[in-house]
Amino acid sequence: MSDTIEAGLHIESVVRADAPPAIVMEKVNKWFGALHVLRDVTLNVALGERVVVCGPSGSGKSTLIRCINRLEQHQEGRIVVEGMELTDDLRSLDAIRREVGMVFQSFNLFPHLTVLENCTLAPIWVRKMPKAEAEALGMEYLERVKIPEQAKKYPGQLSGGQQQRVAIARALCMKPKIMLFDEPTSALDPEMIKEVLDTMVGLAATGMTMVCVTHEMGFARQVADRVVFMDRGEIVESGTPTEMFETPRTDRLKLFLSQILRGH
Amino acid sequence: MSDITLGTPAVPLAAPERTPPVLVAGPLAWARQNLFSGWISTAVTLALGYLIITRAISFIDWAFLNAIWVVPGGNQTQVCRDMKGIGACWAVITEKHRFILFGTYPYDEQWRPALACLVFVGLYIVSAMRRFWRKELALIWVGALAIIGVLMWGGVLGLSFVPQERWGGLPITLILSTFGLAFAFPLAIMVALGRRSKMPAIKMLCVLYVELIRGVPLISLLFMASVMFPLFLPDGMNIDKLLRAQVAIILFAGAYLAEVVRAGLQALPKGQYEAADAMGLSYWQKTAFIVLPQALKMVIPPLVNTFIGFFKDTSLVLIIGIFDLLTAGKTAIVEPAWQGFGIEVYVFVGVIYFIFCYAMSKYSQGLEAELNNRRR
Amino acid sequence: MSSTTDPRLLRRPPKKGIRISWADERFRAIIWQILIVGVVVAVVWWLVRNTQHNLEVRRIATGFGFLQREAGLPIAESLIDYTPQDTYLTALMVGVLNTLKVAVVGVILATILGTIMGIARLSKNWLVAKLAGVYVEVIRDLPLLLQLLFWYTILQSLPGPRQAMNPVEGVFLSNRGLKLPWIEWEAAHQSAMWVFVAGCVALWAVRRMQRKSQDADGQQRALWPWALGFLVAAPVAVWAAMGAPWVGDMPALRGFNFRGGLTISPEYFALLIGLVTYTAGFIAEIVRAGILAVHTGQWEAAEATGMRRPQVLKLIVLPQALRVIIPPMTSQFLNLTKNSSLAVAIGYQDIVSIANTTLNQTGQAIEGIAIIMGVYLTISLSISLFMNWYNAKIALVER
Chain B
119 MSDTIEAGLH IESVVRADAP PAIVMEKVNK WFGALHVLRD VTLNVALGER
169 VVVCGPSGSG KSTLIRCINR LEQHQEGRIV VEGMELTDDL RSLDAIRREV
219 GMVFQSFNLF PHLTVLENCT LAPIWVRKMP KAEAEALGME YLERVKIPEQ
269 AKKYPGQLSG GQQQRVAIAR ALCMKPKIML FDEPTSALDP EMIKEVLDTM
319 VGLAATGMTM VCVTHEMGFA RQVADRVVFM DRGEIVESGT PTEMFETPRT
369 DRLKLFLSQI LRGH
Chain F
764 MSDITLGTPA VPLAAPERTP PVLVAGPLAW ARQNLFSGWI STAVTLALGY
814 LIITRAISFI DWAFLNAIWV VPGGNQTQVC RDMKGIGACW AVITEKHRFI
864 LFGTYPYDEQ WRPALACLVF VGLYIVSAMR RFWRKELALI WVGALAIIGV
914 LMWGGVLGLS FVPQERWGGL PITLILSTFG LAFAFPLAIM VALGRRSKMP
964 AIKMLCVLYV ELIRGVPLIS LLFMASVMFP LFLPDGMNID KLLRAQVAII
1014 LFAGAYLAEV VRAGLQALPK GQYEAADAMG LSYWQKTAFI VLPQALKMVI
1064 PPLVNTFIGF FKDTSLVLII GIFDLLTAGK TAIVEPAWQG FGIEVYVFVG
1114 VIYFIFCYAM SKYSQGLEAE LNNRRR
Chain S
3 MSSTTDPRLL RRPPKKGIRI SWADERFRAI IWQILIVGVV VAVVWWLVRN
53 TQHNLEVRRI ATGFGFLQRE AGLPIAESLI DYTPQDTYLT ALMVGVLNTL
103 KVAVVGVILA TILGTIMGIA RLSKNWLVAK LAGVYVEVIR DLPLLLQLLF
153 WYTILQSLPG PRQAMNPVEG VFLSNRGLKL PWIEWEAAHQ SAMWVFVAGC
203 VALWAVRRMQ RKSQDADGQQ RALWPWALGF LVAAPVAVWA AMGAPWVGDM
253 PALRGFNFRG GLTISPEYFA LLIGLVTYTA GFIAEIVRAG ILAVHTGQWE
303 AAEATGMRRP QVLKLIVLPQ ALRVIIPPMT SQFLNLTKNS SLAVAIGYQD
353 IVSIANTTLN QTGQAIEGIA IIMGVYLTIS LSISLFMNWY NAKIALVER
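Chains as they are written, first to last, in my numbering: chain B, 119 to 382; chain F, 764 to 1139; chain S, 3 to 401.
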């Protein structure tokens, strides 16, 4: 856990409880073969809400957020994103992928395309945007993540932290309403974690709805409206960062917190 | 080795900059290390060296010093026969090279197949250059193949018409391999994608095709093309033998290339597919923009190696009587006057094949080294 | 996981139905498959209809009845008794055996030569490495068919039997092929051979037992005395006990040709040289890559634990190298077998050559080609299955 982000600088919440929720998950179940990886997961995320999901490895947290943009298909229960239910219907799938941006642990930039091309590919082919407009948009977001000067380079020429910031810009270029982060800093060297977290904090300040799988507790304290703790495919406990970290109720969360605190 | 220090006087204390001792670097040291590093190595070097030198001398005697380059009258080969085993009879090449290279193409028009071969070579060189790896390359291919068609057939632009039966030699070899690749490659990509598809029926069809073709020798496909294809087609529909052989070669090449492409598809990290999915790209957009550009780039060296294989394998059409380079060479020595000079002809034909294959293989090795160096 | 008493842990994923809608992925997949399979079936059906029609017009009867007819086709060399009065079936059997004869011997020799060349390429002696490199490069860049014709031409341009080359007593090389001394094959030799085979099995059993005892008490036991006994002493003893017959069958010139001895025909010889040298070029590269694939760190790590070099080679390096070598080696064995079909170009009567003659004589084109393809598919499949089994076995040994 990096202590680069001071606790106490909490970003003002912009949760709009009056608006319809951005994500609704009701009794979601998923199996890998016979392995039950999500068990009756129920989670609502309001528009503008920032949720941090944590838990030990293998607890199903990655699977949970991968279900939200249907990289994994849930088998039971209901997931509604932006008012659209996720079904086998390919039309709803296309619509949801357009509204939900995702950042991966291993960046997954396209190594054969330049940084700018990485950003403009989806706007051009999915949003059917004219090329010039897409490039202007791409540059705008690259400036937002503070690397416009790297636009013509290839991902392989960039550091890990820079690559992950490009990945964030790439996802933002689709003008998503929701952003998913799947352990965005786990593959980074310690000195690069801060630049990525800073970018994410900046994004949070714009009022973006965010669901973030991370172990960065400093980030959770600063940004999260709510922390969700998962273990063995279930949501064990959830609450504000202060509640969760200072007065954990379940033994499982206490154990988890003691383990990650000892680890650092 | 390291305690032999000649030439450089030992400087006490700080002595960082010294030229290496003579026997550690330099040609003598090299020879000592690489040729005479022990008594076994020395013995092997000497024995092999002796063999190489004596062989080389007798080869030079045969191929150059005692060789006969022209015979009187163009077919008085008695001079050659007298020198059999002592000197090569290169006169057979002097006399027959136009036939070997261009077959029975009308003699006065043979500049046309020659030019077509040059266009082919130019096409290969352009395709090999990274600078041209763009969409325009497909247009260059279409253009070049059209020019070759016009040159070979004629009938337009004041060129006299030459029927396909008269074509032969090197152009046939180049046509079979180049057209084979041009058509087999898209086929291979579709089959490779199909083999990785989630749809069981399509996957099975592709597996069946690839495994059946790879399980049988090319000859059996060529036989099929020459004796069975005519039975497959309805009355009145006839395709000539060259085209039938071409179809067999395309089907054959398609199966092998598909496996190479599939290896590239498999080597692509899963995250690339996921990132493309998460961005909302459709299957074909994902395949065209993300998957194929990366997968194909990874397998260029094995693709070139496979192509070398096809280039050599086109020589098998000899068995069904199509007039390629090797068949032309074999036919050139059928004439009684030239019988018995097979070695010379095969050396000549071999040199031509070798030039093409060696160039391709060096290119693929260079590319492989480059890709390995830049691997992230 | 734990706490299995919780009934929810035993839940199984539900089954889902398919909606009849273009927006349903599985429905779409089914339609695509029906479409593509339909097109393929339609094309095949069209080809079959055309073929049936053409066969009727040309009055060709289909079927394999012709196999029982008299072949009347002479075959120069055969592993089983054959005369032109035999049936086509027998002739084709001869062809299959001839193919196997060249493939089996070719695979063994190519592996030996290829391994030598692959190791030679890594030799510290520059001359050896360079020569092996040149060999590999040249042999791989020339068409096999050209090489076969080249070797055949060389063998044919050798002097006739009367002026045959005679490098060693009893060995003659002429345009009639290679003649080697052989022995009169008698019951004693037959028995000795069987004892040898039985010895191999016994040796394998002893090795297993030694492994078991080593697992139990840690003692290492030597295998070589057993090998000597089973593979050398026992067969020799049996042969000696049966009278130790040793009648040499020396080839000798009688009139215009040789009599006696073992004959290797120029066709077989040229095919074998061509296939072996060509395939060895590819095997050399595979062996080299396999050796290079084992990181030097593995040698160092193993020697640091105190193992001796032969042990390191046997226990650490070879298992890892073989894992890299075996899959491409399998395809080279398959290639050699398929390439043996080029025999038809130099007149060695393998299955392709005999089936081709058969289909020309009988007009049974479809059946002829089906036989060729069937034979090769069977051989390919058998080699693949065997190598997969072997590969799985050494993969297990690794663990």
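Careful: at least some of the hints might be erroneous.
Keeping only pairs whose Cα atoms sit at most 25 angstroms apart, straight-line, the calculated SDA-like set for lysine to any residue is [said to hold, decoys possible]:
hint	chain 1	residue 1	chain 2	residue 2
1	F	1060	B	230
2	F	1093	F	881
3	F	1049	S	37
4	B	270	B	230
5	B	270	F	1061
6	F	1004	S	37
7	B	270	F	1060
8	S	126	F	792
In short, the hints are calculated from the structure, not lab data.
Structure-based check of each hint:
1. Straight-line distance between C-alpha atoms of residue 1060 of chain F and residue 230 of chain B comes to about 9 angstroms, which keeps the hinted pair within the 25 angstroms bound.
2. As the CA atoms of residue 1093 of chain F and residue 881 of chain F are separated by approximately 24 angstroms, the hinted pair is consistent with the 25 angstroms bound.
3. With a CA separation close to 23 angstroms, the supplied pair residue 1049 of chain F and residue 37 of chain S stays within the 25 angstroms bound.
4. With a C-alpha separation of about 12 angstroms, the suggested pair residue 270 of chain B and residue 230 of chain B falls inside the 25 angstroms cut-off, and the hint holds.
5. For the hint linking residue 270 of chain B to residue 1061 of chain F, the alpha-carbon distance of about 22 angstroms falls within 25 angstroms, and the restraint holds.
6. Only pairs whose Cα atoms come within 25 angstroms are accepted, and residue 1004 of chain F paired with residue 37 of chain S is rejected, the gap being roughly 32 angstroms.
7. With a C-alpha separation of about 20 angstroms, the suggested pairing of residue 270 of chain B with residue 1060 of chain F holds against the 25 angstroms cut-off.
8. Taken as a hint, the residue 126 of chain S and residue 792 of chain F pair is honoured in the structure, with Cα atoms around 14 angstroms apart against an allowance of 25 angstroms.
In this structure, only the earlier hint numbered 6 is contradicted, and the remaining ones agree with it.
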